[in-house]
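For chain A, the structure is supplied; the task is to place chain B on it using the hints.
Respectively, the protein sequence lines represent chains A and B.
Final position of the first sequence in this note's numbering is 274; the numbers increase by one with none missing.
Final position of the second sequence in this note's numbering is 1488; the numbers increase by one with none missing.
Calculated from the structure, these hints are not laboratory results.
Where is the CB? At the ideal position from N, CA and C, for every residue including glycine.
Errors might be hidden in some of the hints.
What the hints assert, rightly or not - Cβ-Cβ distance ranges computed for the label pairs, FRET-style:
1) B:Asp1157 / A:Trp109: 52 to 62 angstroms
2) A:Arg167 / B:Pro1360: 33 to 43 angstroms
3) A:Arg241 / B:Ala1246: 44 to 54 angstroms
4) A:Leu182 / B:Asp1357: 22 to 32 angstroms
5) B:Pro1460 / A:Val62: 53 to 63 angstroms
6) B:Asp1324 / A:Gly208: 30 to 40 angstroms
Unchecked claim - Which chain B residues face chain A? A few, computed with CB under 8 angstroms, are given here:
7) Arg1341
8) Pro1366
9) Asp1370
Claimed, not checked - Heads up, incomplete: computed chain A residues facing chain B, CB under 8 angstroms, no partners named:
10) Gln230
11) Arg233
12) Ala237
13) Pro246
14) Thr248
15) Pro249
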Amino acid sequence: MTRVLVVDDEPPIVRAVAANLRVRGYEVLTAASGEAALTAVETHRPDCVVLDLGLPGVDGLEVLRRLRTWTQVPVVVLTALDGERDKVTAFDLGADDYVTKPFGVAELMARIGVALRHARGAAADQPRVIRADDVAIDLDAKLVTRAGAPVRLTPTEWRLLETLATNAGRLCTHRFLLERVWGPGYGEESQYLRVYMANLRRKLDDPATPQLLLTEPGMGYRFVVPEPEGAGKGV
Amino acid sequence: MNVQRRLAVGGPRSALGYTVAVVGTAVVTAPLLAVRGDVSKTNVVLAYLLVVTAAAAAGGLGPGITAAALGFLAFDFLFLPPYHTLIVDDAQDYLSLFVYLLVAVVVSLLVGTSERRRMRAERRERETRMLFDLSASLVAHGGMEDILLRVVRTVRSLFDLAGCAIVLPSGDGIRVAASDGEVPEDLHERFATAVAQTSVQVRGPGGGALEPGRALTVPMRGGDTVVGALVVVAGGPGSPGFGEAERRVLATFANQAALAVEQVQQEEERGRARALRETDRLRTALLNSVSHDLRTPLASIKASASSLLDPDVTWGEAERQEFLATINTEVDRLTHLVHNLLDMSRIEAGALDPRLVETSVAELVGPAVRRARAASRQRVDVDVPDTLPPVLVDPVRLDQVLTNLIDNAGSYASAGPVQVTARQAGADVELRVVDHGPGIPGPERERIFDQFYRLKGGGKRPEGTGMGLAICRGIVQAHGGTLRVETTPGGGATFVLTLPAAPRRPESSLEREAAAP
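Extracted from the complex, chain A is given alone in its bound form (with noise of 0.2 angstroms):
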């Protein structure tokens, strides 16, 4: 049974979300302050954490921080209405993703999931060859198609496809992208990520109101696999 832990030191929103988990399948543990959320870790090796960043003694962004210093376990962070640079540090110290206070559980409960399936994609096969609307990617052959006709893309405009392709529906932040595509050292560059970001558009997207390379104003980008018209209704 997958395990998520719920930390948050308001009782009504871990009963709430909790609840949620419970009635789709998920086993849940609680914890209300950091220090038993580092304990809870490591004791009962959740596969999933919720984690809201504003909890009293031991705050969420360092929970994050000793956390990642000996675990990759996804995490959804919660952060308050106005908690925009918590969020980007969050990311940063290796958040998965984010959502924000009030939220609707719908919401919350499609980040557990994609989180989770990335967590595990990582480990077991991944689909190799990656379909966004008239979009291919093949990852092993390094080819990309729009319509059927191959699309050529510089190898730095690979790099950076290739890379949010495989963190498909996660948000990737500037620096992520950077180091990642660039390498560690050009973290801050983040001219070069939009002057790519435009030229990916162009060649595979609607560069003026794009569905696939969606941005994140402030964070980052998110290559998003649009659902098949139709296709949620007629399962």
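Below, chain B alone, put in the same frame as chain A:
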């Protein structure tokens, strides 16, 4: 020791007088002695009187009397027989000697007195001119710091000082409100002494001039209280010195400066009171508006939730759904309101603190447009050329502004699509959010950016908090941009947002590679 110093510092003037007395007597005596037999006693007396007059004119009374005495001795000793003794043979010579002495003393007195008067008049004139210059430094506009800085500069240059500072009380301690040049370290003690001083100390230690590098503290009195202290450090050798006259001028001036300080302090006090009143007024308006906006959703939520929890009633599925939907939407409304209130208070406090990042306009517009399309199935047409220069903005904040403007346009322009366009306008990038709704009447075009202002429309209660546009403008202004509204040709409202374009960077090789097809 003091006596010595007083003599030493008697000034170059009296030294000159004594020199004239001694040297003049010698110079006059020598040629007269050579022709002693041929010259009449009257001429000798006149010659010595000449020396007395010159000495008195050069150095005042003291040198005059000295010259008279020297002349008397020389006349008696050398020109009245028997020579080389002070004995006088002829009784008539006694008369000559007596008349000489009398005339010499009277001349010395008269010349000395008029000289003193002239000097006093000169000094008065100089003092008046100084006071005038000093006062002029007070008559000016600007804050207290500006005025005080001007004062210390003027004082320093007028008295040719090594340094000058104004010390004002601040809380329990003191602060240097303005300083120019060298400032002594023991300001705390100096200020305490100045406050304790009951009368203005015009005379320095020993009444002499201030030695180079020595500091003097002058209290600044406004009425009965000491407002602050003026600390001066005397200039080095070569400066005109800092004597009694200067002290007097400075003491008078310090009190004038005290009055000016008090006046500015009162003005600032009044300004603060005004600002407080204004804040109070805003707070009242905010409370009135917000309490209503907060209570309404809270009441709906409470009603719905308590209904659902009521053990006496069994609700049908449709009713349960309706209650739950109400709770959900009302919570969203509350969230929105709280978000706005937080932003508003941040803008008011000047604490928006945007995190500026070079961002392309297309990336700014994209997410907001996407969200508007998804949320309300609103048709949004976008025209953002990718040749636009990037802008230096906080992307999160600007996204908030664009989302708000597009939402706003969408809710008023149910008739047609909302258009979002961007173009370069000089050093700015100009974004337009265009709708073809009813538009905004002329007189309301500025007022819609006021806090809590809502367009009066058709009697129905308008949606929103009346804060959205005020927040948008606050955010845009914090970025150095502007936000205004115009009329769309053919009807409707066009919100025009200008943002300064980011300064161009030299193209890197990476960007050139990217530009290749």
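Tested hints:
no., hint, result
1, B:Asp1157 / A:Trp109: 52 to 62 angstroms, "holds (59 angstroms)"
2, A:Arg167 / B:Pro1360: 33 to 43 angstroms, "holds (40 angstroms)"
3, A:Arg241 / B:Ala1246: 44 to 54 angstroms, "holds (52 angstroms)"
4, A:Leu182 / B:Asp1357: 22 to 32 angstroms, "holds (26 angstroms)"
5, B:Pro1460 / A:Val62: 53 to 63 angstroms, "holds (55 angstroms)"
6, B:Asp1324 / A:Gly208: 30 to 40 angstroms, "holds (32 angstroms)"
7, Arg1341, "holds (6 angstroms)"
8, Pro1366, "holds (4 angstroms)"
9, Asp1370, "holds (4 angstroms)"
10, Gln230, "holds (6 angstroms)"
11, Arg233, "holds (5 angstroms)"
12, Ala237, "holds (6 angstroms)"
13, Pro246, "holds (6 angstroms)"
14, Thr248, "holds (5 angstroms)"
15, Pro249, "holds (6 angstroms)"
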